[in-house]
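Chemist: Spelled out from the first residue to the last, the chains are:
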Amino acid sequence: MIARLQASRARRLSERLTQQLTPAQTVVWTALLIVMVLFPTIVSSSRFIDTAVTYGIFAIALYGLGLLYGQTNYLSIAHSALMGMGAYTAAILFVQLGFGFWAALPLSALLAMAAAVLLGYPALRVSGYHFVIVTFAACELFVLATRNLGGAEARSGLTGGAQGLDVTEPVGAIFGQSFDINLELEPFYYLVLAFLLIAMVAAQLLIGSRLGRTFRAIRENEALARSIGVRANFYKILAFGISGVFAGVAGALFAYKLRHIAPDLFNSFEGVELALMVLLGGSRRLMGPLVGAIIVGFLPEVLDVAGIGLTPFQRQIVFGLLLVAVIILLPHGLVAGIADLYSYLKRSLAETLRPPPGSSPPPSEPAAPPNGDTLAAGDAEQRGAT
Amino acid sequence: MRSERWRLLPNSRGLLALLSLLVTAAMIVAACGDGDDDGEPAVAQAQVQQQEQEQPQAEAPAAEEEVIWIDIGVVAPSSGSYEVFGHTYEASGKLVEHEINTGAQYCIDQGVCEPGGGFMIDGKLHKLRIHFRDDRSDINAHVALVQELVRDVGIVACMCGTPHDFAVASSKVTQPAKVLHFSGSSTLEEILTAEATAVGGENHYLFQTETREWQRSGSIMKGGVDLLDPNSEVSVIMMLNDATGQFLAPYIKRALEANGQTVPEIIYWDPATTDFSPLFSRAKAHDPDIIVFMYDPDRAIQAIPQALEIGAANSGYFMFGIDPAEFRKRDLDSDLPIAMACVPLCHGETDRAEAREYWVRYDAFGNELRSFSSVSLLTYDDYYMLIKAYQAAGTFEDSDAVVAALLDVRYDGVIADGFFFDDRHIVAHGTEVCVSRQGVFECQFTPPPATPPPGTPGF
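So the sequence lines, in the order shown, correspond to chains U and E.
Using my numbering, read the first sequence as starting at 1 and increasing by one per residue.
Using my numbering, read the second sequence as starting at 1 and increasing by one per residue.
Treat the hints as calculated values from the structure; they're not laboratory data.
Keep in mind that a hint or two might mislead.
Have a look at the derived ranges for each label pair, beta carbon to beta carbon [stated by the list, open to error]:
hint, chain 1, residue 1, chain 2, residue 2, range
1, U, 306, E, 364, 30 to 40 Å
2, E, 69, U, 133, 51 to 61 Å
3, E, 198, U, 7, 53 to 63 Å
4, E, 364, U, 149, 41 to 51 Å
Which chain E residues stay away from chain U? Per the calculated CB distances, all over 12 Å, these [to be verified]:
hint, residue
5, 172
6, 395
7, 412
These numbers were taken from a predicted model, which means no experiment stands behind them.
Ideal Cβ placement from N, Cα and C applies to all residues, glycine included.
Bound-form chain E, shown alone (with noise of 0.2 Å):
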């Protein structure tokens, strides 16, 4: 029987020591925070977010009974492998939220608020709940959000996914649902089709809140071979190899091709790599005048350094999506030019007065400046035109109404004056591309090219 004892005795110690090894490892999560350079522990940050979400219903005086909530949800990649695309969502979103709930002096002069804040619509008191969700970089998370947010809260509109196989699956929970759904991705004007988006259709609710990828194409090239070398013939680019990477690849051929350059060679790289040096060795041999390097900014200031390192490139490198103000931080060293895209407009060097005001809001909020923080400006004007658009409407509610108030909507906002989505659901908008020469700045704004490159598709 004892020998029995303990064979059997192991494993309910082995079980006491599973149990500690748990508790062991939630203690060290909570210390380690979640890989945040400002190392607030996770648990802190979900309080402080539970308290943000709860905190409009907090606010509310007693008087403001007859306030009523329209909900809106944002689910994005705040952590993860995606996280970078995911930051900028949750930035403009709580800054829209406090400024109209609170009747921000912006959003009185925009027409929008009340000076107590809210917003009226038919002549009743409004309000925003914005519900932020983290689907953690995962489709499957994603898609579950998308789904409580619907069909459990309730929301009316989701600024809901990127990168593309995340806003693609959760449009197809949003659309049946008649609930408005804004992505940033580009790729989706593949499905935004004019039977698609026409009433009745299967996307008659979803937008894209970035420009044809043929107009962000063409106006990022123009700049960048302007500010690069005006003069020079051959460009090679470098694309990441995913889903976004082979849509934009052949955009960025056409544009270049249209502003003057040979492209010998569109070299993809795997997500996963970390030494760049074999694939700009290859790129070298083209002896090319640019190399444009695309479309992870983060990946791009870890890749040059190896590019300039065996002199890759004679005029200079672009990169996508990194602001000045982002550029500078990262300190990087460079004997050639580097231009870099923001979208649409740059932090701390554009000329537009509207966006430069927006991102003195912006930092006196306390949001953080990263990479794809530009893109933030997009959502931004979004939520005003969708106010805009409820109250052309007289509602909230009817999404149809919506929809027809929301493309008559002709908005001065940061980005430009009479903003607009198009009969496809599309808005149209210039980019800004900035050069550093040595740390030293000169930005260029491009607005669209007025015909698509010969080979585009669609036309």
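Looking at chain U on its own, in the form it has when it is part of the complex (with noise of 0.2 Å):
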């Protein structure tokens, strides 16, 4: 009977998954993770790896920011301070108490949700470019308090001052197999693919849930949501909760990545760069907070390597007017703008090869939703979760 049950819930999960995939977002998503699983062997790069696993990490955050802003509409710049927090639990488990990547990694989750929490509990209280504010504000003084914790005296107290702490052990092995990004690049690689993949599920079975139904209501119409008995407060500070929990897990794998840390890597600039990320590749969609990611990750060292290396300067040039034509021409971000284009397209070629009037109508799609918003209406808008 308990057997049927778990059975059941399985195949319902797994619908949930996969049944509302068009063909054509089963092939991009197919393609896309034949990619990702291949990505070692395709690339053989060291450059590019290493790239592609430190921005597997941000995009394990950046599902967690994709859930706040594109479920929510809140825009957080204080997740590189959430990553740091993971990062730092991490850290400084493993220099006091000599825990592991794996004890330390439920610990950095919890205390990141914590600190979302903490945070979200008044800065909730605002929106809009106000909330952008006081999480600006917030990552400062996680900076502030993690440089000058150490003291005077360098290396001195719990954080380690602005030299900040180093992390000496890799992740512990599973079955055998170690994950020491420093003697192998490979199996670190699929460590962050799996968390990622991990993150992607659940951030879409979150999506797809009442609680995500939920979140969208508050999001849509927040007086409507309060007026039909839902705790809209509550439901935001658990949402900024939850984000927190990826960003704690992203932080957690991002200090046994570099394998020592220090408050700068976690500053105000970080937040802003995921949420440009977030921002680019659109937070409505699956693939936004990917796509963010590689865009950001793998753009600057691709026009190095083509040798049309951008100085930080220029960078901040191109990601900036980047930033702003996204913005205004495609407002939920560029896989949204793609795939509009692609049912535009589609649309087009349909009426083209349309029968003369006279003829029976062929069956005619659901039209999309505008501006590719699919998770705007309800569960039937999952469908377009590309």
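Hints in hand, dock the two standalone chains.
Modeler: As structure tokens, then:
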């Protein structure tokens, strides 16, 4: 009986993940998954694999940020600080208590979630630009605190001051497979990929759940949601807390990737960069945060290899212009924009091939919602979760 | 249907507009250059860089087919917020590569080079191929580039890393791979313990190319106090609040105290500070004779006029990492003397003949003189010491043998005679301090103190 129930639940979960994919989306997702799995084989450059690891870790945090921004419309700059919370938790547990990665991981996630809830409680009383500014300030506060907790003498104190902390051991082995990125890049890449896929699945399940619908109800009309008994403040803080879990896991991975952390790795500039990735890729499509991370992570590297390396100054100009362009022209991100374009082309083609009036009309597909906002109006929209 | 088209068309128009914007941005960027004073477009610079990287192979005639190339990496910030620390690595690296591969007279005189260029190891001709990489002041890019050089290019040594976080993070890559790693960050001495640098230790292949901080601080502070006002009693330190600054501050304080100063306060300034007046007012409340402004010379040049305006110090100001030749260009007017520490020896003012000749070669090669340019002296000698070690070990591939040989090298270079890495893989050198009194310079070379001041960690 229990086994049947479990099988039924697993089937329902699987259906929620796959049934709403159109053939085109299935092709795109399959291709993307194949590329991600084969990436270390396709791209033999250690530089690109290392970059993929770094931005794969960022993408995990982005799925949390995407959940918060895409589902509740609150754009947080503090996610770099929440990543920092996860990273510092992992590093401090290692340095002070000798905890390895696997033992520290749940605590990193929990403390980042707690930090997000603590921050969210006052911060979510405001919205829009005010919320962005509050989270920006929180990020700076995190950097100031970690930088100065060390005291006047370097490397003293819990956080190691501005010099930060060293994690001298790699991620512990599983079934004999070690994950020391400095000995072998590939195992760590697949570890990050596994976490990334879990993050994507978790985000998709959350979005499709009753909780996700509640978040969207608040996003679309908070007053209306309150009027039907939704405890909006609680759910907004919950959304922030859940997004903190993603950031905490990413932070722990980041600490074990670099094996050295310092306050400046989690400053507000990094927070803005995370927000940039989400805005570029789009937060309401499952592929959005991943695409954002790929663009921001790989564009400078590819240009550099092509001999037109961008200095940080130039990179800021390019990404700034790109961001302005995307916000104005593609407010739901590049992925939604491309999906819109695809729908338009498909529709145009269908119109061209449509038989002349008088013959029986072919069955037509339902129209896509405007601007690719496939998660805007409830479960039916899940069909377009590219 | 028409209305549906109108709804969708703006999106495709949007994409076209986006593409146009991107093309425009690329054109703007190409036209802007990289923000350097010379205004050379980035694309052109990249092409020049690429040509330079390919040069050793292109230059090699057919007869030199038996040349063995030794790959060495340089990963440093040539752009971005840490650019001021990175350009020195490129300057010395390119000069050394040129001298060694072409058989420059200095290289021959040092007993390293063959007349036709290159150097012998175990009876075979070798040349250097230095791979320069700009990490763009981004630690993630830095680590990725070091991974590339270590794993894909197969470098055997790396001048990798400044500032502190970058050097530590990339050492996690170089050390397991047994790649010799040289970094100027004096903060490394904390991890270069006897245990870590011993054979089999986690940092056995890591070397600090600058002297121990208590030696450097002792040397520059003695020079500074002697030149500014030997009778001074009170000094206030204004220190950049970052990893290096927090590390340096207690050393500078102890060094000042060892030179008869009372230090009532260390005032940390945030990297984003532009208005230093409130901080100088706070310093002035202590009625200081000397204000020591550390450690970014470019910021010091911006800040000290603000201090002069409110008369914060009585005897003078001390700044770090700038040469008199560079200071002259900045045209800073001051009634009070301003002391500046070069690490280790000053461009244009040093008494050491070998260093003066180095600066002549440096300028002739077309290297730019900027803040911290004098640090290039250190990495310059490191390359020659490394080659001496290869020659002594009879190999460049056996890192353990090379490290053992490098620790035995006593090198008469541009910095000092008998220059060497000690058993903790750190060099020892004095520093030169110059003082400008209304544009007239006076310099003093101070060897490192024999003993550390009381309270120094580890002593």
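Chemist: All the hints need checking, so say for each whether the structure fits it.
Modeler: Here is what the structure says about each hint:
1. U:306 with E:364: 30 to 40 Å: For residue 306 of chain U and residue 364 of chain E the Cβ distance comes to about 33 Å; the hint holds.
2. E:69 with U:133: 51 to 61 Å: Given range 51 to 61 Å: holds, Cβ gap about 54 Å.
3. E:198 with U:7: 53 to 63 Å: Holds: the Cβ-Cβ distance is about 59 Å, inside 53 to 63 Å.
4. E:364 with U:149: 41 to 51 Å: holds, 49 Å
5. 172: Given a closest Cβ separation of 5 Å, the condition is violated.
6. 395: holds, 23 Å
7. 412: At roughly 34 Å from the nearest Cβ of chain U, residue 412 of chain E sits farther out than 12 Å, so the non-interface label holds.
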